[in-house]
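Participant: What follows is the residue order along each chain.
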Amino acid sequence: MNETWKLLKSAPPTAMFGMIVILLYILVAIFADVIAPFGEREIVGAQYEPATEEWLLGTDNLGRDMWSRIVYGARNTVGIAILTTILAFVVGCFFGLLAATLGGWVDQLLGRIVDVLMAIPTLIFGLLILTIVGTSVFNLILVIGFLYSTSVFRLARAVAMNVVVLDFVEVAKLRGEGLLYIIGKEVLPNILPPLVAEFGLRFCFVFLFIAALSFLGLGLQPPTADWGSMVRDNAVLITFGESTPLIPAAAIALLTVAVNFVVDWFLHLTSGLKD
Amino acid sequence: MHAIIKMIGQRLALGLLTLLVVSAIIFGAVELLPGDLAQEILGQGATPETVAQLREDLGLDRPAYIRYFEWLGGITTLDLGTSLANEREISELLGTRLYNTLFLAAISAVMAVPLAIGLGLLAALYRNSIFDRAINIVTLSTISTPEFFVAYILVLWMAVITGWFPAISNISPDTAFWDHVYRSFLPALTLTLVVTAHMMRMTRAAIINLLNSPFIEMATLKGVAKRDIIVKHALPNAWAPIINVVVLNLAYLIVGVVVVEVVFVYPGMGQLLVDSVSKRDFPVVQACSLIFAVTYILLNLTADILSILTNPRLLHPR
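The listed protein sequences correspond, in order, to chains L and G. The numbering of the first sequence is this note's numbering, which starts it at 5 and goes up by one. The numbering of the second sequence is this note's numbering, which starts it at 632 and goes up by one.
If we strip away everything but chain L, and leave its shape as in the complex, we get (with noise of 0.2 Å):
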């Protein structure tokens, strides 16, 4: 516990700072019940009421409290990119170490499934998925997860196969261990950094790409309150020279540059290099 309290203590102060704003958010998330004056969905005053005490940042296209919905989005936009993230990761990881394991056909079938898949533009594919099966969150969560999962398999399947052919897999396999526990129990401890830093740039990305679909109006469907179609919802203020509605956007920003701090921070310390 000491050891990890001074090793968060010496990271720099651009790693300091994400750190800070991603435990904001978390706290934001929890506690959104909490800190929020005004319910998700509930109509308080007027269309783009300016601010005033009783509305800190006015309210929105349908007179909801703006603030309370940036706090709520926190939870929503948030929540779902890690969803999401999981999941291209447990899709990702499973088949890249399946393939560097198993080797031969199962590897060479794999890995030009996802050339393939890789070939066509992300946002592309998502939105020609997205108009097939619909806008639903669920939806969301399976086809971006699934999307992003082609470039976890790949970075999955790179580190795994350095060590694959390390002895004490090879002892594993000659004690008869089935595939999953070598998978799980002998490969995967050994490839976690690398994953662990690939999962905050992945995060990144997802969290941008909902948030850009949110914004065309494709992804989180109103009355969810998200920050991208926030921004989406309440655009025309800002040709009354207002900047309220870039809040929400800012709010993204600010996260993803927090999760590139850290992740720069965390792959300094994992690759051992000093400058």
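Calculated Cβ distances over 10 Å to all of chain G for the following chain L residues:
{"no.": "1", "residue": "LYS13"}
{"no.": "2", "residue": "ASP37"}
{"no.": "3", "residue": "ILE39"}
{"no.": "4", "residue": "GLY49"}
{"no.": "5", "residue": "GLY83"}
{"no.": "6", "residue": "LEU91"}
{"no.": "7", "residue": "VAL95"}
{"no.": "8", "residue": "GLY107"}
{"no.": "9", "residue": "TRP109"}
{"no.": "10", "residue": "SER140"}
{"no.": "11", "residue": "GLY182"}
{"no.": "12", "residue": "GLY188"}
{"no.": "13", "residue": "PRO198"}
Quick look at which bits of chain G chain L covers, simulated, 3 or more residues with Cβ under 8 Å:
{"no.": "14", "region": "644-656"}
{"no.": "15", "region": "892-905"}
{"no.": "16", "region": "914-925"}
Think of the hints as simulated: they come from the structure by calculation, not from any bench. Remember, it's a predicted structure, so these values are computed and weren't measured experimentally. Quick reminder that beta carbons are idealized off the backbone N, C-alpha and C, glycines included.
Take the given structure of chain L and dock chain G to it, following the hints.
Facilitator: Chain G in isolation, oriented as in the chain L frame:
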């Protein structure tokens, strides 16, 4: 020389195969609809007879692979089918929009490429200086920012507050060239900022990677002047990574236009794609996806081939 031709041939064949598979995926995705297209268009309340009739009209009663080849054949003659929403020819809908999107991407590329390569080179040469660190933080922040955030900040500043540029790109087919440039300046600037950040970081990484290679160290140890190291030793080897970076980012640019076009109501293909997705106008979505995907794949293929062609190790085999 023989080896190069063989390698390029392989890449072209692989690219062609990828194109075919991708087109099959784009076509086949619609087959995944629960029920089929006819059922989807008419909704739940339709009688089986009307559904069967529409199915026949759309030619859905024939096997999927036949329709796929017809679709492919149609595309080669620029016949992309008709839109479900307004029954217009898709090729007619796409014509000027495709031009507008390419126009936007071209202006952005003209601004972004020199800027990114210049900054990337400087950052690599003055590695770990204050300049390098500052630019690292700036580009990292730009990459982490949603495109629409950058876009709206520019709108707020350069359109609403100062009034220099229009906030909405009102472009019609008979807009004059310079007027077109002026009206698409803000979306182009947004794209430039986003792409420059990516491109600059990739250029920096590629050059640093290069400067760390043994032959540069050898040249330094031999006492070659610093300028000659850069011009004679580093540059010929740097073309491949730089061209790669540029082309990859152009591919990114083509896709990045989607969000930016929506912000500025720019009449391009991204806007059309998004509209059609929300209307669930499948033929138009398919056509747009195909064009985006093909452009993306072709640019990646170009990057591959150019990096083979400029690789000194391949050009001067022993």
